[in-house]
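Residue numbers (full-length UniProt numbering), protein chains in the order written: chain A, 1 to 382; chain B, 1 to 532.
It is possible that part of the hints are untrue.
Unchecked claim - The following residues of chain B were derived to be distant from chain A, with all beta-carbon distances above 12 Å:
hint, residue
1, T25
2, T38
3, V188
What the hints assert, rightly or not - Just the calculated beta-carbon pair ranges, DEER-fashion:
hint, chain 1, residue 1, chain 2, residue 2, range
4, A, S193, B, G58, 35 to 41 Å
5, A, I100, B, S375, 51 to 57 Å
6, A, A234, B, R60, 53 to 59 Å
7, B, G344, A, A167, 44 to 50 Å
8, B, D249, A, A167, 56 to 62 Å
No lab work stands behind these hints, which were simulated from the structure alone. All values derive from a computational prediction rather than experimental measurement. Ideal placement from N, C-alpha and C gives every residue a C-beta, glycine not left out.
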Amino acid sequence: MVGSQLAGNLLPRDLHPLAWWVWALGLAVAASRTTNPWLLLLVTAVVVHVVVSRRSDAPWALAFRMYVYLGLTIIAIRVFFRFVFGGAEGTTIILRLPEIPLPVWAAGIRLFGDVSAESVLGGLYDGMRLATMVICVGAANALANPKRLLKSMPSALYEIGTTVTVALAVFPQLAESTQRVRRARALRGTGGSRFEVLRSIVVPVLEDALDRSLTLAASMDSRGYGRTGSPSRASRRITGTLMATGLVGVCVGVYSTLDGTTPALLATPMLLAGLGLAVAGFVVAGRRVERSQYRPDRWRAAELATALSGIAVAVAMFRTSSVDPTNLNPSLTTLSWPLLAWPPVLAILVGLLPAIATPPPAPPHVGLDDMPDDAPIPARSS
Amino acid sequence: MIRFEHVTVTYPRRSEPALRDVHLTIGEGELVLCAGRTGAGKSTLLGAVNGLVPHFTGGRLEGRVSVDGVATSSRPPREFAHLVGVVRQNPLAGFVTDTVEEELAYSMEQLGVDPQVMRRRVEETLDLLGIAGLRRRALRQLSGGQQQRVAIGSVLTAHPRVLVLDEPTSALDPTAAEDVLATIARLVTDLGTTVLLAEHRMERVVPFIDRLLFVEADGTVTDGEPATQLRRTSIAPPIVELGRLAGWDPLPLSVRDARRRASTWRDGLIPPPPAATDTEAPATLEARGVVVRYGPKVAVREVDLTLAAGEVTALMGRNGSGKSSLLWALQGSGPRHGGSVGAGGHDPQRLTRSQARRLVGLVPQDAADLLYLESVDAECAAGDVESDSPPGSCRTLLDAFAPGIRDEAHPRDLSEGQKLALVLAVQLSASPRVVLLDEPTRGLDYLAKRELTRTVRALAATGRSVVIATHDVEFVAGVADRVVVMAEGEIVTDAPVADAIAGSPAFAPQVAKVLGSPWLTVDQVRTALGVA
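Bound conformation, chain A alone (with noise of 0.2 Å):
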């Protein structure tokens, strides 16, 4: 019996893409908690894994490899930074450079000079922290169909939705026309100015991403977007004052929650506060929307898991931080190799249940022997 539906529950689908995001904000917010090199260098390895084993061979999948290479350049420059910009804080000289004296308006900045191993080192940390985190992020991305995202928002936020996903398919097309339009531009030779060229290119790009934002707009007039009565203007008030306010609550909250030395009674019963009056607004505004959804994401047993993995990792990485806060963010003024305690790893070891607890993706949208011959190739950027 258990085990029957334990299969059904496997088949290969799409999970919801809420859950995969509870999930990787849950990492990051574990994340933004440490400055430890070895639990961020863990944490990373654990969404690697999930991702490489959960992705589908979906467009935005395949992105994932650009938040890793954005998350080794923030390390870059952060380490670079210290180097260029004073990192004499410390003891331990590594590096002497000569210092590049500034004029007295720019007091306070210093170019070159010392560099210590205390400074670099804090650079590092700081990089790997935020780099962590774009990873989290990334792996959000990877795992779950943004576009799929926006349909599962509250309906009252349909039309933010839409209009995200109308901007999200133009987009595309805008860099297709512009190299349409450049090997178009070709063929009339090279004549003319540098402002003339661009000119050439620009202009009709524009014409063409006009046209097509308006043909757009017509075929959805004409398939019925937007049939859901216009609201009178007190409701409209109201879903607006509601959800506003609702958001800076919620707003607030996060922001006490995270930093720990503002009071604990703002944080809490604010982020709850906040809360409620967003979703009552949410609430106020769905109930005029009359519209429903071609095969919704269900939330199944799968899901839970993943998002519980998630908030199970941050709320962790919380209770340790008050137990041991020395391992979660080594020292800077004495140097010695950081050490690792056993709870925060094992914490973030449970990051690693949507790898297994998970049925796999979706068999891809094209596969590639059932290719049209005529299928357009993606844009390649030379």
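Based on the hints, put chain B in the right spot on chain A.
Okay, now just chain B, sitting in the frame of chain A:
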């Protein structure tokens, strides 16, 4: 079902109305073709059915348009989504979602259809249109014919009573077009859907239709039986012209009808002399083993092609068979991964862009991409500068191709045929020996195509080689000397026009289907009959 009551549509800043006093009724389950010259107001008529004109386009609509008793003036187009399904010219530009299945469901989601019903209708529509195998595919990766069928399906799922189609087959190869038309005919017979469609290439649609609306140049609309209407319209498919020429009454509308009529009549015709092939003509371009590939996909596979001076070559083949890639590779500005191309003793790929276009000129599929200035005059002047030719030479060419275009006219306001003529003039001001045209007939009506035929023949008469990539067999029959058919990046046929298309079931023009080989065009018959 659809009623137009004394409808006049005037767009802002136009003195003449686009539609003038249109008064007609279209009944339930009728298949009606709307024809007329380019820019005559067909799209306005179609757009007025669900209120996109004037709610979306602007302009003023006098009179009353109603669908199923509901006036379009009373509510916005979106409130007609359950009644009228609209499929526009370029399906890709109208797609809102990413995959076939989501696109089919979109209209229903907007209408708030119950999820269970939605699921069922999507499955039914997938089967009805024969696209079940494509359900999870990305829309951008479908072929043109598949996209067109998905676009039709995406409005059908809302179960509209009326279907409005603007040029559903203009971008499709002959076989894909037949598929789409068969689908439409099936909807009319099986579901009783009222269909209103506009189409330039009337020859394929005319046999199916119940009525023909003809939009005259002044915006008035005549309405009647296809056979009576076609007796006097300014544009007509070849089969009708043949019928007019032979004096058949009633006019045959399908190839079958005409063939029955022609069985005794054609015996009196003296067959045209076989076209003289000039084997002595010097080669203007020689390509050997041309290869073009995109990643793992080979678009052009070791193609050899020699073009002779004064020869017009038609390049045919289904969508995606490598025609465009080959043209771009021959011109030198597109990718080429192997083989050699020689024109005038040089490889165009090794020359600068300006030098290459003096050897080989290419007019791309979206010809308007080449235009970027505010007036025809400025475009012509720029063309002269780019080609280092004396001022005024581009304008002279333009006047030869399409006389009477005003200097200060904005290129975007020109008709499709005039735009094409302008781009052709700009490209020819560099006086290349080889001219390549990629899909030039898209959006051209019969008269504009006749103009283009004249222009192309005149170019060939000056010793140039012309290559035209096209799906339009009737156009090919009238203009080409030689036909090259490509499939999967290889050349499968390379023969004189009469041999290549007359015997082919997919490519035979209507006159060949009626009279048999070697007849190809109405003009040949006209000459044979000695009618001026």
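Verification of the supplied hints:
1. T25: holds (22 Å)
2. T38: holds (17 Å)
3. V188: holds (21 Å)
4. A:S193 - B:G58: 35 to 41 Å: holds (37 Å)
5. A:I100 - B:S375: 51 to 57 Å: holds (56 Å)
6. A:A234 - B:R60: 53 to 59 Å: violated (35 Å)
7. B:G344 - A:A167: 44 to 50 Å: Holds, at about 48 Å.
8. B:D249 - A:A167: 56 to 62 Å: Holds - the Cβ-Cβ distance for D249 (chain B) and A167 (chain A), about 58 Å, lies within 56 to 62 Å.
Consistency note: the structure conflicts with earlier hint 6 alone.
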